[in-house]
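Heads up, the sequence shown is in UniProt numbering, so the first residue is 1 and it goes up one at a time.
To be clear, the hints were calculated from the coordinates, so they are not data collected in a lab. Don't take every hint at face value.
[Claimed, not checked] Each pair of labels, with its calculated beta carbon distance range:
{"#": "1", "residue 1": "GLU127", "residue 2": "PRO5", "range": "11 to 21 Å"}
{"#": "2", "residue 1": "VAL79", "residue 2": "GLN4", "range": "15 to 25 Å"}
{"#": "3", "residue 1": "GLY16", "residue 2": "TYR64", "range": "13 to 23 Å"}
{"#": "4", "residue 1": "SER133", "residue 2": "ASP75", "range": "23 to 33 Å"}
{"#": "5", "residue 1": "PRO116", "residue 2": "PRO47", "range": "14 to 24 Å"}
Glycine included, C-beta positions come from ideal geometry on N, C-alpha and C.
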Amino acid sequence: MHRQPIVKVAATDVPGINRIGGEVRILLSPKTVDATEGFMGTVRLEPGEFLAEQYNPYSDKFCYLVRGEVVIRVDGTEVKLAADEALMVRRGQRHRIVNAGGDTALIVFQISPLAPRPELGHVDTEEVPHPDSPVPQVGGVRDGWQRPTGGNK
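Working from the sequences, and respecting the hints, build out all of it.
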């Protein structure tokens, strides 16, 4: 049996991306830990910030709100989420997330299964706040990037 190395990834090990709003960090993914079935990350939203509406044609999105208050609009229906609550957005459902509270919101998300290719995994359905910012990198190998080696090896 081949043993894979155990890889720990800190939020500071990966870039924060603001293209679709807020700050998105892809922590555990095919790129960072050789994940094969999905990827996990965080979204940080300041009061009033939002993630632009989007859908995932191949994947379900599991969202857990660590802190703050958000409103998630799923196919036109608004759902309020408070800290320690979770919501699943099914593949193909349009969704938009807004920080509706007065404090920073922190969401942990998991997206699974992976799309056949990274560029097929996410479709924006409204103009993104920062279109010139990079797209989050989920798969492939980034030039000049070293996979984190912290934790047990």
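Right, here's what the structure says about each hint:
Checked against the hint of 11 to 21 Å, the pair GLU127 and PRO5 fails, with Cβ atoms roughly 41 Å apart. Evaluation of the 15 to 25 Å hint for VAL79 and GLN4 yields a failure: the beta carbon distance comes to about 37 Å. Between GLY16 and TYR64 the Cβ separation comes to about 19 Å, which falls inside the hinted range of 13 to 23 Å. Here the CB-CB span from SER133 to ASP75 is close to 27 Å, well matched to the stated 23 to 33 Å.
Between PRO116 and PRO47 the beta carbon distance is about 37 Å. The supplied range of 14 to 24 Å is therefore violated.
The structure is inconsistent with the numbered hints 1, 2 and 5, although it conforms to all the rest.
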